[in-house]
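J.: Sequential numbering of the sequence shown, starting at 872, is according to our numbering.
In case anyone wonders, no lab produced these hints; they're calculated from the structure.
Given the structure is predicted, the values throughout are model-derived calculations rather than measurements.
Do not rely on the hints blindly, as some may be mistaken.
Said to hold, decoys possible - In silico SDA-like cross-links for lysine to any residue, where the CA-CA straight-line distance does not exceed 25 Å:
| hint | residue 1 | residue 2 |
| --- | --- | --- |
| 1 | 1040 | 977 |
| 2 | 922 | 1022 |
| 3 | 922 | 941 |
| 4 | 1040 | 1001 |
| 5 | 1019 | 1032 |
| 6 | 1019 | 1048 |
| 7 | 1019 | 1034 |
| 8 | 1040 | 1009 |
| 9 | 931 | 889 |
| 10 | 931 | 974 |
| 11 | 1040 | 994 |
| 12 | 931 | 958 |
| 13 | 1035 | 971 |
| 14 | 1027 | 974 |
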Amino acid sequence: MEGFCSFDVRLLMNSINSEASDKGSVENLTEEVLEDIKVRCCFVTSINRAKQIFDVHCGKADSNKLPTPPVGLDYPLGGDRFLHISGSTREEACEVLFEQDNEEISLATMILDSLIKCPIDVRKDLAENIVIMGGTSILPGFYSRLQKELYNQLNKPKYMDTLKLKVFKFHQPPSKENYTAWLGGAIAGAMITLPNRSVSQETFLKTNTLPDWCKIQEKNQSSTEDLLKQGHKILS
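Produce the entire structure from the sequences given, and follow the hints as far as they go.
T.: Next up, the structure:
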């Protein structure tokens, strides 16, 4: 859907698992344990520290330029067993969200690419009404880092000449980000207009097409009129 982007959280989980394994910790952590480690131990570092760490790892800077890592934490595995989560793991695991891969894709570029696919006249409004969902966005430093990454990408030729945006704003959802999608689905599912604003999976698989949502108002109006007529007959 244009104007919407998602990110595979398994990349982040693999990053945490890889970091823990490389540092001599236990292997084969379950998805539930990795999720809990992410929420309890990890955070999103600043863009300046991230650049310093990246330059050292890529050999662009000497190892003595590596910032002092934060304090490590001991994560309980049950009984008297603990998994030590190093400071570098806590700080660097989330970098997979912002580091561009071989196709130059990151969370920030996915948002900007989604905006490019939208009509020009709505891009500004969309950029100022970004909704972030999912438990990963609750991590400390996430919103600040993402905003800085967006502005940083705007200075690159790919977006400088295409997107004439100056401001990015994030909505504060009425619930925690980890269940905002559920809340939105519950509200949408309770609307009486849902039948005219949705397509069942069965219908889509049969036709492989979507309605022209630009004409939804006409459909809603005729549907409302039909409901009023039915109500009038019942009362009569």
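J.: Please write out, lowest number first, the hints stated earlier that are contradicted by the structure.
T.: none
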